[in-house]
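Asker: Sequence:
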Amino acid sequence: MWRICITLAMIVINIMMCGMPIFNHRTTKSRRKASFLPREVPLQLPGVPQLTLLRKSINTTTETIRFEFELEGPSHMSIFVQPLEKVTVSGWSFLPDMLLREPPFHVYFSYGKISTPLTFYIDLKKENGEIEKPLMQLGISGHYISFEHERDAETKKFLATFPPYSYIMEWPSSYERYIF
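Residue numbers (the working numbering): 1003 to 1182.
Source of the hints: derived by calculation from the structure; they are not laboratory data.
Keep in mind the model is a prediction, meaning the values are calculated, not measured.
Treat the hints with care, as some may be off.
FRET-style restraints, in silico, Cβ to Cβ [unchecked claim]: (1) 1167 to 1136: 22 to 32 Å; (2) 1171 to 1063: 45 to 55 Å; (3) 1060 to 1040: 22 to 32 Å; (4) 1039 to 1098: 32 to 42 Å; (5) 1156 to 1135: 16 to 26 Å.
Cβ coordinates follow ideal geometry from the N, Cα and C atoms, glycine included.
Work out the full structure: start from the sequences and follow the hints.
Answerer: What follows is the structure, encoded as structure tokens:
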């Protein structure tokens, strides 16, 4: 069961970030070559990040739509933003230079002992002004890196198969995709 390795590109080529919980900017480049070990028993996550849409407002002067969010979750999370066809991200809470790159845009977020929710906004502009249809995909990945988060029985069983001299770098992760 554990020896089978499946390439992500074989499964989900057209879904933003392959629908996988990419960790940071270095791993986004190799996502189409990444592999994972399948499980017969579904993973039991310590939790799942909570994204809340606080407000959606329309600025008729600039013809932009602002989405304001609050994000709560583990100490390591990523936000992925993919504007849909004929939509551009005209502004957001994060560094503006990041918008000079090609989408999907990636924001990595990490915190220490204080887990204050992250509040952020994304401004969108649509070429034809048609704002009733979906405008963007928003992906949220949560990474439970620290061993202070309990691992499920299946994971513990698998980790026990490695020799004592090996260092195993693993962590359960989640990925949720939203369409706004």
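Asker: Which hints from the list above does the structure break, by number from lowest to highest?
Answerer: 1, 3, 5
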